[in-house]
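Chains as they are written, first to last, in our numbering: chain S, 97 to 396; chain X, 39 to 356.
Quick caveat, the hints were computed from the structure, so don't treat them as lab data.
Treat the hints with care, since some could be wrong.
[What the hints assert, rightly or not] Residues on chain X that point at chain S, a partial pick, calculated with CB under 10 Å:
{"hint": "1", "residue": "V181"}
{"hint": "2", "residue": "S182"}
{"hint": "3", "residue": "I183"}
{"hint": "4", "residue": "Q251"}
{"hint": "5", "residue": "I254"}
{"hint": "6", "residue": "M291"}
{"hint": "7", "residue": "L332"}
These figures come from a predicted structure and were not determined experimentally.
Quick reminder that beta carbons are idealized off the backbone N, C-alpha and C, glycines included.
Listed below, chain by chain, are the residues.
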Amino acid sequence: MTEAAPAVFIAPATSKSAALVLLRAIVKHRLAAIGLVIIVLLCLMAVFAPLLAPYSPYDQDLYRVLAGPSAEHWFGTDNLGRDLLSRTIYGARVSLFVGIGSTALSAALGIVIGLFAGFKGGVVDAIIMRITDAFLCFPPLIFILAMSAALGPGLHNVMLSFALFGWTGFARIIRGQVLLIRELPFIEAARSVGVPPLRVMRKHILPNTLAPIIVAITITVGSAILVEGGVSFLGLGVQPPTASWGRELGVGFRYLETVPLFSIAPGLMISLAVIAFNFLGDGLRDALDPRLKGMGLRRI
Amino acid sequence: MGSYIGVRLLHAMVILALVTVLVFVVTHLIPGDAIMAAMAGSVDMNDAAVVAKVRHQFGLDRPVLVQFVDWLARFVRGDWGSSIGTGENVFDMFMRRLPVTLELFLGASLWSVAIGIPTGIVGALKRNSSVDMLLTAGSIIGVSIPGYWEAIMLIYLLAVVFPIVPPSGYVPFAVDPIMNLKSILLPTFVLGTHSGGLLARYVRSSLLEVMGQDYIRTARAKGLSERALIARHAMKPAMIPVVTVIGLSWGGMLAGAFFVEVIFAIPGLGRMSVDAIFQKDYPVVQATLIAVSLNVLLVNLLVDILYGYLDPRIRVRR
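So here's chain S without its partners, still in its complex pose (with noise of 0.2 Å):
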């Protein structure tokens, strides 16, 4: 696979600093400010969900099945009568905790083969890579999706399905800095005082990758966010009564024509959310390397 020669990154994000430094230039990154301010509201919404809901997501009004807006209902009520302002903020939960579940998999699993491979090089590196490149020929929601059917559905699977594929984005990103990095002169100077392999890699290669991989992990949390959201939609993922953006919009979508906003507010949700990570994801990348400034996203 063809690749732009990836550049080294030297900025260990671990100090107090460096994280002051980072929160300033995606302030001065306007798209990256907008992005982190939805992220900051969405995650305050998912954890305050019980005091911002005029309702509980499960209460049902069988009186009032599928009833537009009003005073009592500011968003309608769904097919089972439930307050639909209430499931579009209660949907954040499964949202986000999806999708920072999912990464969270994505980036363990990855960066402990990229360094693996990356650090041992030979053809233990040459057989990781292809298995990883292997990985990569399929557009990953499709394998999602199958492997959440054959699973069964529900959120665990999801996270364990899209961690099965989503590793391979990180494996090849610390691999490639691991490369660069441990033919650097202070590597050479670690390795000739004696410092044990695992802690060269832990202590001295790690910290030097940590900038891609802040960038790769706000995308990665995007797009597990837009595919959880794909496989509820289709019925999949989450499962009732839970309420879950996806799962809303594929109900919400028979109703289109009497009660639009059954699917325009859960679609507008999932929209928001990928949009600010991509967003914030794009001001970082901006802000962590000027080499690869403008660069497209990563293709999920």
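Given the coordinates of chain S, assemble chain X onto it according to the supplied hints.
Leaving out everything else, chain X in the frame of chain S:
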């Protein structure tokens, strides 16, 4: 060059072999035997003798490795098995739906080029201006917005509120060309916005990179107008990575087609795959997965060879 192509081909073969293993493993993950699951309604699952007979009939009692080799050997010869749901030949099913999906992809690629290239060029020319920021925001939104929601919103707007196009359904081109174009207008647009946004980002960065080259400065120094400069000197080299994006976007488009074909009720490969996944019709799922990955693999191979041909440095790098 010959040895370079040889190495790339070898890589592609290794990857293809891994892909077939992966597809086989994933489709055999289905709890219980796939066929038994699919036939649960029609045979008595409590009767051990009947179950054993069915398992034997489909060769499920053989070792997994034997099943894999047998499946692969038949797949290569074009024997893709028959659908568990309908009993139809999978190869025939696939070929019948392929033209529909190809038409969608072609239309979507047209949309994405029409949206992506001008957006990218303007963004690069007005870099770091507010116009650039708006276009960047637009491109990212195009990439981020879920196709399944975009499709539903467009149906609501252009078929329910302002009835301009049919809300769903597909009319073959041979039956009624005008209705055909009307019926694929929205689906292709939805598929095209995603890759269009991606394309815009790549065109912008690729053009910016080319514009920084020495020969562009030379051309500018000899008094060439900005317009002629871009048209004659900058566009062509900037288009190389763009061709890759267009090629690779077809893999992603199939994922989009899953939703678009379901929402717009279009009888293509995406809808077939979704139905197959739901019915655990694994011969159909396997065929789709392999076809998709083969497509991506071939595009990658072509791109690698093309790059090696265009840029001698790549040939010797590995």
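Do the hints match the structure? See the list:
1. For the restraint placing V181(X) at the interface with chain S, the shortest Cβ-Cβ distance is roughly 5 Å, inside the 10 Å limit, so the hint holds.
2. The beta carbon of S182(X) comes within 4 Å of a beta carbon in chain S, closer than 10 Å, and the hint placing it at the interface holds.
3. At a threshold of 10 Å, the smallest CB-CB gap from I183(X) to chain S is about 5 Å, leaving the interface hint in force.
4. Below 10 Å, beta-carbon pairs count as interface contacts, and Q251(X) has none with chain S, the closest being about 15 Å; its hint is therefore violated.
5. Hint status for I254(X) relative to chain S: violated, with the closest Cβ pair at about 17 Å, above 10 Å.
6. Below 10 Å, beta-carbon pairs count as interface contacts, and M291(X) has one with chain S at about 8 Å; its hint therefore holds.
7. Nearest Cβ of chain S to the Cβ of L332(X): about 8 Å, under the 10 Å cut. The hint holds.
Of the numbered hints stated above, those contradicted by the structure are hints 4, 5, listed in ascending order.
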